Amino acid sequence: MYDIEHYVEAVSVEDAIEHLKADPDATVISGGTDVLVRLRSGKGVGGTLVSIHEIPELHGVDRLLNGTLVIGPATCFTDLAKDPLIRSCVPYLGEAVETVGGPQIRNMGTIGGNLCNGATSADSAAVMQTLNTRLVLQGPDGSREVPVTEFYLGPGKTVRKREEILTAILIEPQDYVGFTGCYIKYGKRRAMEIATLGCCVRVKLGAAPADEAAENGGGQETAAQDMQSGGNPESRVISDIRIGYGVAAPTPIRCYKTENLLRGRSAADPSVYELIGEHVLEEVQPRSSWRASKEFRLQLISELARRALREAMLSSLGNNLFA
Amino acid sequence: MESVGKSMKRVDARGKVTGEARYANDLKPKNCLTAKVVHATIANGRVLSIDTSEAEKVPGVVKIVTCFDVPDIEFPTAGHPWSVEPAHQDIADRKLLNERVRLYGDDIAAIVGTDNVACERAERLLKISYEEYDPIVTVDQALAPGATPLHPNLRKDNVLLHTSFRSGELTYEEAKEKAAEEYGADQLLEHSAVYQTARIAHCHIESATSWAYVDTNGKVTVTSSTQIPHIMRRVISQALGWPVGKIRVIKPYIGGGFGNKQDVLYEPLNAFLTIACGGRPVELEISREECMASTRTRHAVRGEVKALFTRDGKLLARTMDEYSNGGAYASHGHAITASIATIFKDLYHDEYGCRSDATTVYTSSATAGAMRAYGVPQAVFIADCLADDICQAGGFDPLKFRMDNCVGAGFSASNGITYYSYSMKECMRRGAEAIGWEEKRKAYAGQTGSVRHGVGMSIFMYKVGVHPISLETSSARMILNQDGSMQVELSATEIGQGADTVFTQMASEITGITPDRVYIISTQDTDLAPFDTGAYASRQTFVTGKAVKKCGIEFRKKILDYASYMLDRPAEELMIWQNQICEKLPEDESAKIDPAAAWADFPDVDFKPFELKDLPNGEDSILRDTGNIEGKPGKVLLDMKDLAQTAFYSLSRSEHITAEVTSHCKENSFASGCSFVDLTVDMPLGKVKINRIINVHDSGRLINPQLAQAQVHGGMAMGIGYALSEELLYDAKGRPLNDNLLDFKIPTSMDIPDLETIFLELDDPMGPFGNKALGEPPVISVAPAIRNAILNATGVAMNELPMTPQRLVEAFREKGLI
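Going down the list, the protein sequences come from chains C and D. Per the working numbering, the first sequence runs over residues 428 to 750. Per the working numbering, the second sequence runs over residues 10 to 827.
Worth flagging that the hints you see were computed from the coordinates, not collected in a lab. Source: prediction; values computed, not measured. Note that CB positions come from ideal geometry on N, CA and C, so glycine has one too. Watch out, some of these pointers could steer you wrong.
[Stated by the list, open to error] List time: in silico PhoX-like cross-link candidates among lysine-lysine, alpha-carbon distance up to 20 Å: (1) K37/D to K228/D; (2) K721/C to K696/D; (3) K187/D to K25/D; (4) K187/D to K315/D; (5) K136/D to K470/C; (6) K37/D to K25/D.
[Unchecked claim] Listed next, the stretches of chain D that the computed footprint assigns to chain C, with coverage defined by at least 3 CB atoms under 8 Å from CB atoms of chain C: (7) 101 to 110; (8) 744 to 756.
Using the sequences plus the hints, can you model the full thing?
Below, the structure written as structure tokens:
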């Protein structure tokens with residue numbers, strides 16, 4: 428039995444905000460896979476839980492006419508992973524949330540909770556960083572949008588105020604169209620695991636300058652063709668790259684400097700793997716804990732970046748990568 | 010045989026698959042109160058006071074007892090038969106609640122309430138003051154000069170016990186001198202190393218749980234998830250200072266124990282709490298965190314070893330100084346540490362001898378107790394790391410080295426335990442063939458690159474029962490029903506291992522009553538069930554199997570006596586076959602199995618000559634009786650149902666046919682086997698992928714091959730966790746860091762590869778059905794085999810368990826491999 432004094436099942440976002448405002452000890456609950464664990468450990472006991480779990484508009488994935496993906500924060504990991512839009516537009520996000528816990532946890536835990544819990548080890552964290560995701564927070568004073576890259580304040584801390592509800596997770600087309608990517612969760616076992624490290628590398632390949640004239644189509648089409656037919660790495664450059672990490676710092680992070688360094692390099696240049704492995708080390712701040720030492724995490728940060736980049740390139744170029 | 014040796018479906022399969030099987034918590038009454046143990050938040054010190062006044066005001070709180078309220082009685086908790094000699098009795102070193110805090114999480118108070126929330130709210134309002142001493146979490150801290158003795162009334166320092174074991178006459182130094190004369194000093198090599206195993210938790214699915222009440226006649230009744238109901242009854246009586254007859258323990262189905270429940274855990278406190286609440290039912294469910302931090306663990310052991318051997322791979326002498334972290338309380342005392350030292354010594358044959366010294370140390374950390382294979386996994390890890398390190402140093406093939414130097418056929422330990430059937434080498438041969446040892450050792454030589462492959466092996470020997478180290482006694486009762494079916498009552502408990510099923514098979518085999526008509530009583534109630542010390546060691550099929558056999562023989566005789574009366578024919582001419590009384594015809598000579606032929610498959614097995622009549626307790630008839638196969642059934646004369654009805658209701662000779670026996674088992678033997686592993690090491694990530702893992706077991710005749718295989722699978726999975734990921738961690742203050750299933754890494758089904766098993770079914774003359782131990786052995790040799798395969802792959806000797814990715818990466822870096 429959990430030590431909960433009151434439980435409210437909100438019927439709408441506004442209703443939930445009203446309840447949160449009215450009771451200063453009230454906490455939002457959705458899937459409960461973090462909140463209930465905290466309660467069980469004696470933290471935040473004896474208060475009110477305001478459930479947003481049954482609010483219909485917080486569920487599901489949609490794509491707006493302009494191509495923006497809108498993810499309902501109360502969508503559970505299982506539903507998110509099998510959603511057709513997620514699978515076609517941002518498959519690495521689905522793959523990332525499929526590494527959460529076990530099947531039962533994935534049926535309960537939600538993507539919004541994964542973000543709002545504020546953990547650097549969240550399995551969606553690294554991917555979300557690379558997607559420039561924007562988060563819509565609605566509170567008593569209306570709505571605001573926060574980029575995920577500015578969402579985290581520290582371990583378990585985010586800019587979300589207690590009485591605010593995350594109502595939508597937005598991903599713009601320029602952040603996913605034409606990209607291939609790879610998320611690697613490094614854990615000590617293959618399920619029921621908290622990430623020792625999470626690394627996501629996503630690349631978008633464009634025409635090399637010499638071939639630019641020959642390319643009349645947009646980057647989107649070219650990338651789509653590449654994904655189908657492979658492509659010649661000699662004629663491709665890394666036109667964009669995003670590198671995101673979980674557990675490489677107190678909050679999820681991006682490695683912008685390394686991204687800048689690699690942008691524009693030939694897809695056929697073997698030194699990109701060494702470069703990424705070396706340069707990410709300057710942008711991370713892992714700490715030693717009894718779960719893993721700083722040195723070990725640094726080793727993983729470097730190695731996983733190389734492997735994730737290779738996988739991302741493979742997705743774009745197929746076997747031509749090694750041609 | 011009709012039933013024994015068949016893969017009969019588990020008798021409890023339906024209930025366990027559907028969820029209908031009832032466990033301790035399912036049985037508690039609706040009005041049951043709930044209790045919570047309050048744990049100390051210091052690792053070493055003393056409780057000065059506990060102010061309960063605010064806590065008592067919490068609505069729903071019924072009773073709070075503290076360490077100042079419990080009887081001044083220290084009691085032992087080990088699931089051992091009680092020794093009638095005071096010198097050999099288990100150490101009594103804890104009270105129901107302890108004022109003297111000896112570990113972080115020590116039990117200092119308990120709160121009883123209407124629900125857990127009331128108890129938890131009350132707990133937060135307790136005001137506890139302590140006097141604090143330095144935590145002594147490690148063996149080195151506890152042995153350091155000036156360390157606070159944890160049990161000053163029992164021991165002047167923190168050494169629980171130190172013993173020395175020895176084979177051969179010479180010391181290591183003398184052996185070295187003699188070897189130099191005999192082989193020439195330049196022909197000798199030495200290797201020394203320190204190996205360290207981890208402290209791990211059992212992680213049984215069902216937590217330690219019980220509920221208790223006082224019945225109308227003043228008897229305390231405790232329903233508990235335990236392996237040892239009768240021993241628990243005695244320990245509760247000791248802890249409370251109540252007579253044994255006023256204690257009743259009921260054991261329903263249980264969700265695993267692995268030795269943790271071969272200790273009496275919180276049941277005496279539970280009994281005390283119901284008494285304190287006027288006999289109202291009180292449940293005491295121990296959380297996962299409490300199970301891991303405050304019940305029992307596997308001993309973390311350091312082995313400092315030395316070995317002397319010749320350049321051509323002959324083992325001459327070894328020594329080991331072993332330090333075992335026993336934790337805050339004695340539990341099984343020194344028994345496990347001693348077992349480690351003896352198996353280390355016995356597993357290999359040292360030409361000049363071996364010395365192994367064992368020290369169990371009290372520390373302010375979780376108490377170490379029994380866990381699957383009772384120290385032997387630690388012993389074999391140390392012995393077989395050393396064996397492969399010797400091979401590495403001398404350039405020997407590990408398979409050949411073991412063939413040449415392992416314990417030999419006919420070996421008798423110093424306490425008399427003997428290999429009556431022996432096939433260690435045949436086990437090795439079959440495992441090596443299955444994994445492709447020679448080809449793989451060749452293929453994996455001289456690898457470069459960051460991903461490498463390796464193959465490794467390890468061997469084990471295991472005592473089947475505990476005689477003569479400790480008493481082995483078991484009782485059985487069989488009762489005929491009016492329809493000719495029967496009940497079997499035992500107290501060697503079903504703990505998930507399939508005991509109910511194999512005992513059903515055995516009872517059927519001996520009596521001729523088919524398994525579907527053998528009703529085994531799974532629940533043990535100490536007021537009703539005959540005495541047995543419980544489910545532990547790997548003793549049940551061997552020791553309790555003898556009781557079942559002996560009881561079945563007597564039961565069968567009584568049935569045939571009655572049949573003889575009904576049919577007016579001599580009982581010797583009759584037999585029971587498939588629920589019918591039949592004429593007994595002589596067995597075809599051609600159908601008889603020649604014992605020598607049965608061994609023909611095993612080229613170099615050996616077997617200790619002995620005469621059954623020489624057996625110590627003269628129970629040769631039990632061992633020799635093979636059920637009904639000595640005759641073959643002829644004409645059907647009488648149905649068991651008619652016999653039973655007549656026996657119950659006859660106006661001329663009414664008789665309830667029952668049998669009840671005690672079997673005092675004074676036989677023992679060794680089981681053996683080995684593990685072979687093929688794996689891939691991804692060095693930059695410190696990841697080990699097991700490609701193939703094979704366990705080969707000589708456990709004598711299998712009673713139920715499918716259950717046997719399942720038992721081996723479980724053990725292998727446990728061994729993989731022991732090798733690669735499991736370890737209970739503490740901070741400098743003695744606080745447990747990972748006492749939960751997220752951070753204590755037992756492997757998931759995703760982490761376990763296909764598990765391959767090979768059995769050598771060699772008849773052991775000491776087993777009631779030619780059977781030997783199998784419950785614990787599967788876990789033993791897995792971790793060292795994995796370690797040795799990593800050594801083969803990378804050349805890096807990992808000397809500390811578990812071999813986590815971080816430890817591997819650190820080691821590979823140190824060697825410049827990444």
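Item to check | Hint check, failures only | outcome: 3, 7
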